[in-house]
Amino acid sequence: MLLEILKDLYNESAFTIITWQQGVLIIISLVLLYLGIVKKFEPLLLIPIAFGMLATNLPGSNVYHPELWADMKNINYGDVLRNGGLLDILYIGIKSGLFPPLIFMGIGAMTDFGPLIANPKSFLLGAAAQLGIFLAYYLATLVGFTPAEGGAIGIIGGADGPTAIYTASILAPHLLGAIAVAAYSYMALVPVIQPPFMKLLTTKKERAIVMEQLRPVTKTEKIIFPILVTIVVAFLIPSAAVLVASLMVGNLLKESGVTERLSKTLQNEFINIITICLGLAVGATATAENFLKAETLKILGIGVLAFVFGTIGGLLFAKLMNLFSKKKINPLIGSAGVSAVPMAARISQKVAQEENPGIFLLMHAMGPNVAGVIGSAIAAGVLISLFG
Amino acid sequence: MSDSLLQTITGFLVVIMGMFLLTGIIIIFSKIMSKRSVKNTQTIIEEPEPVEYIAEISSDDNEVIASILASIEAYMQQNNIKNICNIVIKPLIRTSASSSWSQAGRIENVSKKA
Chain A
1170 MLLEILKDLY NESAFTIITW QQGVLIIISL VLLYLGIVKK FEPLLLIPIA FGMLATNLPG
1230 SNVYHPELWA DMKNINYGDV LRNGGLLDIL YIGIKSGLFP PLIFMGIGAM TDFGPLIANP
1290 KSFLLGAAAQ LGIFLAYYLA TLVGFTPAEG GAIGIIGGAD GPTAIYTASI LAPHLLGAIA
1350 VAAYSYMALV PVIQPPFMKL LTTKKERAIV MEQLRPVTKT EKIIFPILVT IVVAFLIPSA
1410 AVLVASLMVG NLLKESGVTE RLSKTLQNEF INIITICLGL AVGATATAEN FLKAETLKIL
1470 GIGVLAFVFG TIGGLLFAKL MNLFSKKKIN PLIGSAGVSA VPMAARISQK VAQEENPGIF
1530 LLMHAMGPNV AGVIGSAIAA GVLISLFG
Chain B
6 MSDSLLQTIT GFLVVIMGMF LLTGIIIIFS KIMSKRSVKN TQTIIEEPEP VEYIAEISSD
66 DNEVIASILA SIEAYMQQNN IKNICNIVIK PLIRTSASSS WSQAGRIENV SKKA
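One line per chain: the protein sequences are A and B, in this order.
According to the numbering used here, the first sequence is numbered sequentially starting from 1170.
According to the numbering used here, the second sequence is numbered sequentially starting from 6.
The set of hints was computed from the structure by calculation and includes no laboratory data.
A hint or two may mislead.
[Unchecked claim] No farther apart than 20 Å at their CA atoms in a straight line, the calculated lysine-lysine pairs in the PhoX-like style are these:
{"#": "1", "chain 1": "B", "residue 1": "Lys40", "chain 2": "A", "residue 2": "Lys1391"}
{"#": "2", "chain 1": "A", "residue 1": "Lys1433", "chain 2": "A", "residue 2": "Lys1388"}
{"#": "3", "chain 1": "B", "residue 1": "Lys40", "chain 2": "A", "residue 2": "Lys1388"}
{"#": "4", "chain 1": "B", "residue 1": "Lys36", "chain 2": "A", "residue 2": "Lys1391"}
{"#": "5", "chain 1": "B", "residue 1": "Lys36", "chain 2": "A", "residue 2": "Lys1388"}
{"#": "6", "chain 1": "B", "residue 1": "Lys44", "chain 2": "A", "residue 2": "Lys1388"}
{"#": "7", "chain 1": "A", "residue 1": "Lys1495", "chain 2": "B", "residue 2": "Lys44"}
{"#": "8", "chain 1": "A", "residue 1": "Lys1388", "chain 2": "B", "residue 2": "Lys117"}
{"#": "9", "chain 1": "B", "residue 1": "Lys36", "chain 2": "A", "residue 2": "Lys1496"}
{"#": "10", "chain 1": "A", "residue 1": "Lys1290", "chain 2": "A", "residue 2": "Lys1373"}
{"#": "11", "chain 1": "A", "residue 1": "Lys1290", "chain 2": "B", "residue 2": "Lys36"}
{"#": "12", "chain 1": "A", "residue 1": "Lys1374", "chain 2": "A", "residue 2": "Lys1497"}
[What the hints assert, rightly or not] To give an idea of the interface, some chain B residues facing chain A are shown, with a C-beta separation under 10 Å as derived from the structure:
{"#": "13", "residue": "Ser9"}
{"#": "14", "residue": "Ile14"}
{"#": "15", "residue": "Thr15"}
{"#": "16", "residue": "Phe17"}
{"#": "17", "residue": "Ile21"}
{"#": "18", "residue": "Leu27"}
{"#": "19", "residue": "Asn84"}
{"#": "20", "residue": "Ile86"}
{"#": "21", "residue": "Glu113"}
Heads up, the beta-carbon is just placed ideally off N, CA and C, and yes, glycines get one too.
Start from the sequences, fold in the hints, and give me the full structure.
And the structure:
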C-alpha cells in the first residue's frame, strides 16, 4: 500500500517527464546564477535571466509555452492571455517592443551627457566602436546565419543589453535567449576582453597622453541636447527613433530640473520593475529547442569577436584622429566607445593609469562611452531597417 | 562583392555619417551657446550688483576628520602604501595669524573647489 502511494507520487512528479535537454539547461541556469551572485557578472540582469531560464525548464512548471509564440507573424495575444503562464504574459512586453525602450528611459535618466557635449568629437569614437556590430554581422552570415539572424547576433557588439534584446526580438526572436545571455556575459567580461587589445594596439607614449580638461557645460546645453539628438536621429534613421527618443526623454526629465520626482522614479523603481520583468521573460525563451543547439555556441563565439572588433575600431579611430588633430587625444578613450557604461570608461582610466599614475582619463572616456549608447541604438535602427 | 559584405560596409558608413552629422550639429550648437554665455557674462560685468557676502564656516569636527582620513587613504592608494606606519606626518607651522576675513575667504574658496 505504502509502496503504491510512493509509486503514484513518483509518477506524478516531474522526475518522470524531465528530458536530458531540460536537465542541461537547468545546470546552465545554475551556473549563470552562480556567476551573477558570486562573481557579480551583471547581477541585475543575469540573475533574473538565469532564474527565468530555470523556471521555464522545470518540467510541468507551465510558466512559458513556446508553442504560443511559434507563429511569429500571427501571434494570438488573446490566446496568450487566456492560456499562457506568467512568463508568457511578461514576454508580451518584449515581443511588443515595450520593455527595452522603457529600460532606455531609466538609463537616460541616469546618464550625464556632459562629457559628450563638452567634446562632441567623442561621437565619432562612439561610431567607430560600432565596427564590431557590422563585422560580427558579416561573420554570422559567413557561418550560415540568415541576414536577419546575423543582424541580431551582430548587435551583441554594441555592448548594450536593451538594444540587443530589442533588435533580437524583432529580427530573430528564436535566438533571443542566447543573444541576451551572450550580451550580458560579455558586458561583465569587458575588463578581461578589452585590456590586452588596448595594450597591443597602443604605444606606451600614447597611453600616457594627458588630455586637456573638459570645458564646463551649461544647463541650457544639457537641456537642449536630448531634444536636438532625438530630432536629428528620428529624421535620419526613423527605426532608431524609439530607442533614442526613450533614452533622451529620460535624460530630459533629469536635466530639465523641474521633474525631479519623475526622474527619481525612472532611475529607481521604474527601471528596477522593468528589469525584473525583462530579465525573467528573456530567460524564459531559453528553452531546450531554442537554446541547446550548435548555433548557440556560434553566437557566443561571434559575440566575443564583436566586442573585440568594437574595441579595435574605437582604438584605431582615435589613433587616426590624432593624425589630423592639433590637440592629441589618448587613444585609450576610443575603446570606451563600446557602450558598456561605465565599465568601458573605467577600463580606459585603469589602463592609462598603469602607464601614468597621475592621469585622469575617466571623464574624457565617458564621452565616447555615452556616444556608444547612441551609436549602438542607431546601428540597431540601421539593422532593423535593412532586415526587419 | 557579396551582398552581406555590401550591407556591412553600407550599415557601418550610415552609422558613421549619422554620428558625424550629430558631431557637427553639437559643435555648432556649442559655439552658439558659448557666444551667448560670453554676452551674458559681459552684461553681468557691466552691471554688477552689490552682494552681501556671508561665508559659512563649518565647525563640525567630524567633517574635518573625515576629510583628513579620505586624504590619507587616497595618498596610501596612490603610492601603494599598505601600512599606515610608513606614513610620515610632519607638523605644519603657521607663519602668521590671518584675519577672520581672509580665513572666511579661504574657507569659501576651498568649499567652492570641493
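Quick rundown of the hints versus the structure:
1. B:Lys40 with A:Lys1391: Measuring from Cα to Cα gives roughly 16 Å; hence the hint holds.
2. A:Lys1433 with A:Lys1388: Since the Cα atoms of Lys1433 (chain A) and Lys1388 (chain A) sit roughly 18 Å apart, the hinted pair holds (cutoff 20 Å).
3. B:Lys40 with A:Lys1388: holds (15 Å)
4. B:Lys36 with A:Lys1391: holds (14 Å)
5. B:Lys36 with A:Lys1388: holds (15 Å)
6. B:Lys44 with A:Lys1388: holds (16 Å)
7. A:Lys1495 with B:Lys44: violated (28 Å)
8. A:Lys1388 with B:Lys117: holds (18 Å)
9. B:Lys36 with A:Lys1496: Cα-Cα ~18 Å, so holds.
10. A:Lys1290 with A:Lys1373: violated (23 Å)
11. A:Lys1290 with B:Lys36: At roughly 14 Å apart (the allowed maximum being 20 Å), Lys36 (chain B) and Lys1290 (chain A) satisfy the hint.
12. A:Lys1374 with A:Lys1497: Distance of about 12 Å is within 20 Å: holds.
13. Ser9: Holds. Min distance 4 Å.
14. Ile14: holds (8 Å)
15. Thr15: holds (8 Å)
16. Phe17: Constraint on Phe17 (chain B) satisfied, holds at 4 Å.
17. Ile21: holds (5 Å)
18. Leu27: holds (5 Å)
19. Asn84: holds (9 Å)
20. Ile86: violated (13 Å)
21. Glu113: Given a least distance of 19 Å, the restraint on Glu113 (chain B) is violated.
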